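Chemist: Sequence:
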Amino acid sequence: MSAGNGNDFKITKDSQVVNMVDVNTIYGENGEFRSCVDTISNVIIPELERLADSNVIQYGNVGTRPMFNRLIDNLNGLVKMLDNFTDDRVTDFTELKAREEAELQRCREYIARLKRRANGPTHTVNTPIMEVK
Numbered sequence: 390m391s392a393g394n395g396n397d398f399k400i401t402k403d404s405q406v407v408n409m410v411d412v413n414t415i416y417g418e419n420g421e422f423r424s425c426v427d428t429i430s431n432v433i434i435p436e437l438e439r440l441a442d443s444n445v446i447q448y449g450n451v452g453t454r455p456m457f458n459r460l461i462d463n464l465n466g467l468v469k470m471l472d473n474f475t476d477d478r479v480t481d482f483t484e485l486k487a488r489e490e491a492e493l494q495r496c497r498e499y500i501a502r503l504k505r506r507a508n509g510p511t512h513t514v515n516t517p518i519m520e521v522k
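Every position in the sequence shown, counted from 1, becomes a number in my numbering once 389 is added.
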């Protein structure tokens, strides 16, 4: 909505405000993204640890245990970064929603003022108190 006097609103209806249900479906505690991170943490890393402990991996001078240890450390670091990323995304969207709701409220207040002005005064000039004799 463009008011032409500095009241240019990008958010003019509820459907334009961030939907936190959608955000939480992806980034929330039980969201799809968090589920992928949990898979890395709870399935992939333990499986790599199991493999790293096997006799074949640790065999003599050709063992790759140090490589597995680095890989596991890197994956644990990745899990922490992804957890922080998801927390940051939820925070970002929460802050965006607050800004959008505030703008929507300002838009509604502006529209209400315009309607009041369009309807004219709410009292008449010729009331007994205002009458000039």
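Just so you know, the hints here were simulated from the structure itself, not pulled from any lab data. These numbers were taken from a predicted model, which means no experiment stands behind them. Incorrect hints may have been included.
Straight-line C-alpha distance at most 20 Å; calculated SDA-like pairs for lysine to any residue [claimed, not checked]:
| # | residue 1 | residue 2 |
| --- | --- | --- |
| 1 | Lys402 | Lys469 |
| 2 | Lys469 | Val432 |
| 3 | Lys399 | Ile500 |
| 4 | Lys469 | Leu493 |
| 5 | Lys469 | Cys425 |
| 6 | Lys399 | Leu493 |
Chemist: All the hints need checking, so say for each whether the structure fits it.
Modeler: Now the hints, each set against the structure:
no.: 1; hint: Lys402 <-> Lys469; in the structure: 37 Å, violated
no.: 2; hint: Lys469 <-> Val432; in the structure: 15 Å, holds
no.: 3; hint: Lys399 <-> Ile500; in the structure: 14 Å, holds
no.: 4; hint: Lys469 <-> Leu493; in the structure: 36 Å, violated
no.: 5; hint: Lys469 <-> Cys425; in the structure: 13 Å, holds
no.: 6; hint: Lys399 <-> Leu493; in the structure: 8 Å, holds
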